[in-house]
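There are 2 protein chains.
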Amino acid sequence: MRALLLYEHGGSDKLILAKVATPTPGAGEVLVEIHAASINPVDIKIREGLPIGPALPAILGADLAGVVVMTGEGVKSFKPGDAVYGCAGGVKGLGGTLAEFITADARLLAPMPANLTFREAAALPLAAITAWQGMEKLALRSGETVLVHGGTGGVGHIVVQLAKAAGARVIAAVGSDEAAVLARELGADDVVNYHSDAVSDYVARHTGGIGFSAIFDTAGGANLAKSFEAAAPFGRIVTTNSRVTVNLGNMHGKALSLHVVFMLLGMLNESGRAAHGEILRQVAAMVEAGQLKPLLDPAHFTLATAPDAQEHLHSGDARGKVVVDIA
Amino acid sequence: MRALLLYEHGGSDKLILAKVATPTPGAGEVLVEIHAASINPVDIKIREGLPIGPALPAILGADLAGVVVMTGEGVKSFKPGDAVYGCAGGVKGLGGTLAEFITADARLLAPMPANLTFREAAALPLAAITAWQGMEKLALRSGETVLVHGGTGGVGHIVVQLAKAAGARVIAAVGSDEAAVLARELGADDVVNYHSDAVSDYVARHTGGIGFSAIFDTAGGANLAKSFEAAAPFGRIVTTNSRVTVNLGNMHGKALSLHVVFMLLGMLNESGRAAHGEILRQVAAMVEAGQLKPLLDPAHFTLATAPDAQEHLHSGDARGKVVVDIA
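First to last, the protein sequences are chains A and B.
Using the working numbering, read the first sequence as starting at 1 and increasing by one per residue.
Using the working numbering, read the second sequence as starting at 1 and increasing by one per residue.
Read the hints as simulated data drawn from the structure, not as lab findings.
Where hints are given, some of them may not hold.
Okay, the calculated bits of chain A under chain B, using three or more residues with CB under 8 Å as the criterion [as the list claims (entries may be wrong)]:
#	segment
1	236–247
2	252–263
Cut-off 30 Å, straight-line C-alpha distance, at most; resulting in silico cross-link-like pairs (DSS-like, lysine-lysine) [unchecked claim]:
#	chain 1	residue 1	chain 2	residue 2
3	B	14	A	254
4	B	226	A	226
5	A	45	A	137
6	B	254	A	226
Glycine included, every Cβ here is placed at the ideal spot set by N, Cα and C.
The task is simple: from the sequences and hints, build the whole structure.
What follows is the structure in structure tokens.
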């Protein structure tokens, strides 16, 4: 099969198109012919050397949509011909999805939503599982107002839709007028600009100065300080990125809770794998019910140009998910 | 009545014994004759100028045990002669307990445990409510192992007992051999010394290297880095002190949750007051059932020597709670 191989960590030029043996599924695995893969920010960090990555040489890539072609011993949940999607590769001990085939742990897959193309389905798994697990931590009350930082990003655009489906009032923080329009199309009730709007201003405007009782911060890092500032007393914050040194004084003064969601840990730590497949089944049901749709960047890439897809995502110019068409 | 008055923020010498008018209970308040008060670390910070403190001149002190002598309009939960305990003062908008009387919001009080002296009861409220709210956040599973940093401190000694009552296995982190003996008497299954034991060592010894799924960090601050290091993947950490700048990389890599408990916020924010009285009723039931007892420092102080009581707590030489006998 054809695949992009990484022999050494570094830039996107380190991804080399090559021919390798098609793998054979072991016990609990299925062989999937990949039709589309999507790029996530963590793929780029792993390419650069993040320690959770696979031993080199390796095939990178986490998200896929494709068709089962063979099942390994003990697999009863899928049969050849099933269209599936999942976040099934790209980290230590697993294969990668920037390839024509992958042997995937069957627990990480679910039947693909019937009303999506392979491109659309491949955009969902990592981001949707992350959003879902974060929503479980937030435990929004119906009618509660939630602030979503990065409301049109890979995770954020799903959070906005899940929060609306849960009956919340959603304020999306975005970085441009174009993103503001998009956030409203996704269902956001109102929008703030995190470049030009002061936290104190939008806290006053949207919460009467009390602060947000629930915040989903998909930017994280240095932005966490803004989330602490925007939070109400006893507020809950979920983030997907806490790789930062930050002052927690506001967490103290407001008695806040901070939850970090890092879904790849549930793949590395095998105890989390069955939960991932189960979440994707629930995500598929919401997609089929018209409550959730992936947001795709319009650019098209192939396996050969997947390094450009990573650069496109890394540039910050992409909107929603960047997808690679493989078959 | 006699009271210690603070005219300006600063050291314990700023607490001046004075005669002031005995207050009259307003609607929803009761007048309590204070028999004992206890000192908490936050009292010292408030004396030094922490912004949550009352406007000066003020009477400081949060915890009390005493007897109701008069009830204000609308109070049905108490009558004159009732022995009560509570954390009812010391912050903005409220009276203080380093005095012979206080008018207390009745929601903040509960009937005193029948098997305790006033001294013992006064030791409990702030620490017990803090421990209780933290345990609610931790949501320990029966049989789960919990690491308690500061296992013989004001909050920690209650956490150890609540965790045992919840069926958990308790590892107490303490700072001396004497404290280790005490922690075992309180019910700790095992003890580590946070000065001499490396985190990696006790994680290996008590969790097989996986880390603790639940940690109650009553030290907090710079110690939070140790809690992050000691945590298992997906672990939950509760702390009573996050006034610190800290690297959250370990929170990210392990997908941790961090909850800050700051019970005084529930007094400042009136919405939390009824919950405090309710928790103290449940605490009293546990005390009366023999599942929980306060740990009192053996030193005795009076209203006139209460500044020395604050110094004694501040010195770090006290064990458990420092109490002031008032009547």
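### Query
Honestly, which of those hints from before does the structure not fit?
Checked against the structure, no hint fails, so every one of them is satisfied.
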